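Undergrad: Line order of the protein sequences matches chains A and B. Using the numbering used here, read the first sequence as starting at 22 and increasing by one per residue. Using the numbering used here, read the second sequence as starting at -9 and increasing by one per residue.
Everything labelled a hint here was simulated from the structure, so no lab data went into it. Just so we're clear, the structure is a prediction, and the values are computed from it rather than from any experiment.
Here are some of the chain A residues that sit facing chain B, going by a computed Cβ distance under 10 Å: (1) Trp221; (2) Arg224; (3) Gly226; (4) Glu228; (5) Asp235; (6) Ala297; (7) Gly300; (8) Ala355.
Counterexamples of contact, computed for chain A against chain B with all Cβ distances above 10 Å: (9) Arg37; (10) Val54; (11) Gly75; (12) Ile127; (13) Leu138; (14) Leu142; (15) Ile168; (16) Lys197; (17) Ile202; (18) Ala214; (19) Leu215; (20) Leu322; (21) Ile327; (22) Arg333; (23) Val335.
The beta-carbon is built from N, C-alpha and C at its ideal position, and this holds for glycine as well.
Now for the letters of each chain:
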Amino acid sequence: MSTDLMVAPSRVSPVRRAVTSVVRSREIAIVGVLLAVIAVATYKSNAFLFSSNGWRDLLLTPSILLLLAVGQTVVIITRNVDLSVGSTLALTAYLTGRLFVDHPGIPIVVVFAAGVLMGSLLGLVNGILVAFGKVPALVITLGTLYIYRGIVLSWAGSDRINASDLPHGFLALGTKQILSIPVLTLIGAVALALVGYYLWTARGGRELYAIGSDPDAAVLYGLKVNRRVLSAFVVSGALAGLAGVVYTARYGTVSSGAGLGIELQAVGAAVIGGVAIFGGSGTVWGAAVGSILLVTINRALPVVGIPDFWQRAVVGGLILGAVCLDRVLSARRARKLVEARDAS
Amino acid sequence: MKPFNKADLVQEPGSLVLELRDVRKSFGAVAALRSGTLAVAAGSIHALVGENGAGKSTLVKIVAGVHRLDSGVFRFQGQDVEFTSTAESKAAGIAVIYQEPTLFPDLSVTENIFMGRQPLDGFRRIDRAAMHDEAAGLFGRLGVAIDPRRPALGLSIADQQIIEIAKAISLDASLLVMDEPTAALSGVEVDRLFAVARSLRDEGRALVFISHRFDEVFALCDTVTVMRDGEYIATNDISKTSVPEMVSMMVGREVGELFPKTPAELGEVVLEVNGLDSTGVFHDVTFQVRAGEIVALAGLVGSGRSEIARAIFGVDAYGSGSVRMAGKQIAPHRPRAAIRAGMAFIPEDRRKQGLITDGSVARNVAGVIRGGLARAGLLTSGAENRAAGPWAGRLEVKTSALDAKASTMSGGNQQKVVIAKWLATKPKLLIIDEPTRGIDVGTKAEVHRLLSELAGEGLAILMISSELPEVLGMADRVLVVSEGRISADIARADATAESVMSAATGADTATEASR
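Just chain A, with the same shape it has in the complex (with noise of 0.2 Å):
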């Protein structure tokens, strides 16, 4: 037997490696786009991007939807969904209000950490569900997004918290800047990283994406995939939890219907992003531009002067687009593989 060495792994030095991989992955054309529409409002009007509100605006509007996008691919790597964040988003932004109201002199971070953990439980409910349920995510997180929302209805009924009910503290973290960018908006760059860095070098991390390849080889390899999956909706949940609080602290008013129908921007967010919806391939970091993508295009739309109904159509377009992209590009990528099979 020959046991010389025929593979030579490193024909082309990581450096170079890592340099094509970026330029030719899907998130820089999504970065191209989101450049490209920030040039054409800016082009328009010089405020979008060249005035102190029009900066700060263009980076904090994106971090609620960047919460829930990041938690939305953790679960749809794994080949699951989770429609419920939104009605999570309400329950834990209402909770934020009701404490400040009821709690006068509550410490910031206790709220934080209480919304963050109202999310994880609700996500907990999901991941359980659907871990050991064995019904689709779909069904389940529908079912959970009516619940949620439920429970704040009759908790919140016609009441809604105003600016005036909470701490300036809080409501400062709204437009609190660092170094000229927003608190909040770091809140959720801070997340991204947590996250995005955990699905890359931890073994937990890339288990998750065994599982939504192909999830029955998980099983046969072994891997823990109920309490994988549980965890991933734990960790939307949660940061769904987090969305609440910024929430809040964003808007200062927080009635019954915060937050109705993102669930499905944050499902477009990351589809746009590069995250194939039937799990395995995907970074939270797509899904990140993703958001911002689709919030800024909804900011620059009027600017440019098109009508509202056009606003809408084109965020559908702008995912359909993707999707297509993506069937294009993986049908590429395959032919591609197999010729470099054949060609070997």
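Chain B: place on chain A using the hints.
TA: What follows is chain B alone, placed relative to chain A:
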């Protein structure tokens, strides 16, 4: 029961690593394994042979922790064990290569090998550089050139199998089970695999090797265990047995009389397949089926039998060649054209491909002919029932009413519904893939009698079957498919278990596997 402890492991050469005795496993009413017995010693390669359905794969899955045994003894490294998951058997030191590669297409080749046990650095992060190097080392040892960084997507079956083998080797297991690892490999790759297997044996590990290729069994293995119908038959030293002896133990019974096929007058040529070719799947397939004739496509799973049938019916495209029905050429890749020309196709997996499991019996039976039943584009359940009734009656589908859901019926009755569905189209040719898979013995006989009757009425039947007795009992003519080619055309009178098996396994044309 005491939990398995790897530290207690005693590894003297010749000591039993794996010991299974009288293992039973049933799925519902079907006993897949009646008395599984297998004893594998350290430092040996043990062959496990038997026909399709002999219970080999079930045995493997019990060892792997996929299934739990109903009763019997299962000892590993001298300790009684009972694995409840694949993770437990892996941790105990058992690596299994399954018949079908189980890979994650989206992930890199390296990640596929190390998933769940990636090398970590000091901060518990995955050490990708070390992982890729280790993968490259494994491929070097196997002597193959696969880029460890490429995704598993798009790899050939042979390459996928290599990755499975690399994965198993990297587990550093004391027992390595290989369920038909060579089915997709070329001669050179088989040689390399054997070299690796021998070096693993010489390190004192135990290997179980399942294969249909006798030349490989004799070239590689030290001992052989034969199974039949879920039962243990015998274990022999490889040097003290021969191919004819093994085949007779595998087949074991007189099979000719089990399935009486009534002789029928052969009529005109109904189906004519000429030089059908599909790159990498099957090559130069030419044969005819006459009215009243049952032709069986025999061969191993993965030999290309089902793919040929799917191409004839137009489900899959083919590269070159032609398919004619009653002299008229059928457009390729067009199932509707095939149906119009009088073909009917009953696929292998009836739940997924043949039945609307949530639909009623009547809806299923009327499924293909619904266009003809509709009046002004509307289809009433009355029309469906009227059309379905006679067929369900003739096939004695046991169900309380025609509006019962197909999913609530037994496998045998479901198969009858699928057959009824296609008979309702009044076909000239019936292609049926695995007509009695997962069906109880009584219904099996009914399906066989029905097929025989239909042939008697002048229907041409092309049957694909992995069950040798069924092939020998039912077919007027046996076409044996081996590696995508028709390797033998055997008339009923000359068809024996030995002649079909040796044509299917290529036993006469030995590969270069032996050294």
